[in-house]
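Q: So the chains spell out like this:
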Amino acid sequence: DTQMTQSPSSLSASVGDRVTITCRPSQNILRYLNWYQQQPGKAPQLLIYGAATLQVGVPSRFSGSGSGTNFTLTISSLQPEDFATYYCQQSFTTPRTFGQGTKLEIK
Amino acid sequence: QVQLQESGPGLVKPSETLSLTCTVSGGSISRDSSWSWIRQPAGKGLEWVGRIYDSGSTNYNPSLKSRVTISIDMAKNQLSLNLSGATGADTAVYYCARAMSRAFGAFDIWGQGTEVTVSS
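Chains A and B, in that order, give the protein sequences. All letters in the first sequence, in the order written, are residues 9 to 115 by our numbering. All letters in the second sequence, in the order written, are residues 24 to 143 by our numbering.
For reference, chain A alone in the conformation it holds in the complex:
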C-alpha cells in the first residue's frame, strides 16, 4: 500500500493567515494527489485534484503543488469557513489511501 504521511496533524491559525499542509506518499505517485476538506458531520469535499487543479467552485485562495513524493496544500488567506479537517489522498495505486488528516483550528 502507498502510505500517506500528512503534516501537521493539527494547526492553529487566525483569519487572514497563510497556511501550508504537507503530504508525503511512501512512493512516487506522479501527480495523482487529491485534497479534500471535511467539515464536522459532513462528507469530504474535493478541493484540488491532480496535485494542482482547483475543483470547480473552490475559492482561489486554495492552491496545491508538488509531484512525486512531496505535495503541499496552501490556503493564502484563511477565512472563517476554512476551519475544518483536510485530507490528502493518492489515486495512483490500489488500494486508494488517505493521509491521517490535518485539523485546522482557530487560534
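It cannot be assumed that every hint is accurate.
[Stated by the list, open to error] In silico BS3-like cross-links for lysine-lysine, where the CA-CA straight-line distance does not exceed 27 Å:
{"no.": "1", "chain 1": "B", "residue 1": "99", "chain 2": "B", "residue 2": "88"}
{"no.": "2", "chain 1": "B", "residue 1": "88", "chain 2": "B", "residue 2": "67"}
{"no.": "3", "chain 1": "B", "residue 1": "36", "chain 2": "B", "residue 2": "88"}
{"no.": "4", "chain 1": "B", "residue 1": "67", "chain 2": "A", "residue 2": "111"}
{"no.": "5", "chain 1": "A", "residue 1": "115", "chain 2": "A", "residue 2": "50"}
{"no.": "6", "chain 1": "A", "residue 1": "50", "chain 2": "A", "residue 2": "111"}
{"no.": "7", "chain 1": "A", "residue 1": "115", "chain 2": "B", "residue 2": "67"}
{"no.": "8", "chain 1": "A", "residue 1": "50", "chain 2": "B", "residue 2": "67"}
{"no.": "9", "chain 1": "B", "residue 1": "36", "chain 2": "A", "residue 2": "50"}
{"no.": "10", "chain 1": "B", "residue 1": "67", "chain 2": "B", "residue 2": "36"}
[Unchecked claim] Partial pick of chain A residues on the chain B-facing surface, computed with a CB cut under 8 Å:
{"no.": "11", "residue": "40"}
{"no.": "12", "residue": "52"}
{"no.": "13", "residue": "54"}
{"no.": "14", "residue": "105"}
{"no.": "15", "residue": "109"}
[What the hints assert, rightly or not] Interface residues of chain A toward chain B, partial, derived using beta-carbon atoms under 7 Å:
{"no.": "16", "residue": "42"}
{"no.": "17", "residue": "51"}
{"no.": "18", "residue": "57"}
{"no.": "19", "residue": "58"}
{"no.": "20", "residue": "99"}
{"no.": "21", "residue": "103"}
{"no.": "22", "residue": "104"}
{"no.": "23", "residue": "106"}
{"no.": "24", "residue": "108"}
Note that these hints are calculated values from the structure, not bench results. We put the beta carbon where it would ideally sit given N, CA and C, even for glycine.
Position chain B against the provided structure of chain A, taking the given hints into account.
A: Here is chain B on its own, set in the frame of chain A:
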C-alpha cells in the same frame, strides 16, 4: 447534477452481514467513472473499502478483501456493499463516492454518508 444517497440498516449484529445501497440520481453510472465505498470511524480518518466500474469489475482493499463484495445494478442506478462477518471495528460512517478518470481519479461527488453501528 449527479447526487448519491446511501441507505441501509443503522445497526448490525456482530458476525452478521453489513449491507448498504447507494442510489445515483441526476445522472447514470457512466463508463468514465468508478464508484467507491469509503468509511470513517467516529473521530478517525478515511478508509477506502473498494470500487466498482460499470462493467462490474471490482477492486477491494486487501485489509477487507475476504469479507467485501461490491455490486452494481445498472437498471436501478445503484451500487451495493456487503461486508460479511461484521465486528465492532466495522462501526463507521459509510460513504459512496464517484471517481472521475478525467480528474485523476479523484472522488468528486460524495453521498452524505450513513452511520452503521455493529453491536448486539
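Q: Would you mind marking each hint as holding or not holding in the structure?
A: Here is what the structure says about each hint:
1. B:99 to B:88: With a Cα-Cα distance of about 25 Å, the restraint between residue 99 (chain B) and residue 88 (chain B) holds, given a limit of 27 Å.
2. B:88 to B:67: The given pair, whose Cα atoms are some 21 Å apart, holds under the 27 Å limit.
3. B:36 to B:88: This hinted pair holds, its Cα atoms lying about 20 Å apart.
4. B:67 to A:111: holds (11 Å)
5. A:115 to A:50: This hinted pair holds, its Cα atoms lying about 23 Å apart.
6. A:50 to A:111: holds (14 Å)
7. A:115 to B:67: holds (22 Å)
8. A:50 to B:67: holds (13 Å)
9. B:36 to A:50: Distance ~26 Å between residue 36 (chain B) and residue 50 (chain A) Cα, so the pair holds.
10. B:67 to B:36: Within the cut-off at roughly 22 Å; holds.
11. 40: Residue 40 (chain A) check passes; min Cβ-Cβ to chain B is 5 Å, inside 8 Å.
12. 52: Nearest chain B Cβ about 6 Å off; hint holds.
13. 54: holds (5 Å)
14. 105: holds (7 Å)
15. 109: holds (5 Å)
16. 42: holds (4 Å)
17. 51: It holds, given that the least Cβ distance between residue 51 (chain A) and chain B is near 4 Å, below 7 Å.
18. 57: holds (4 Å)
19. 58: holds (4 Å)
20. 99: For residue 99 (chain A), the interface hint holds, since the closest Cβ of chain B sits about 3 Å away, which is under 7 Å.
21. 103: Because about 4 Å separates residue 103 (chain A) from the closest Cβ in chain B, which is inside the 7 Å limit, the hint holds.
22. 104: holds (4 Å)
23. 106: holds (4 Å)
24. 108: Because about 5 Å separates residue 108 (chain A) from the closest Cβ in chain B, which is inside the 7 Å limit, the hint holds.
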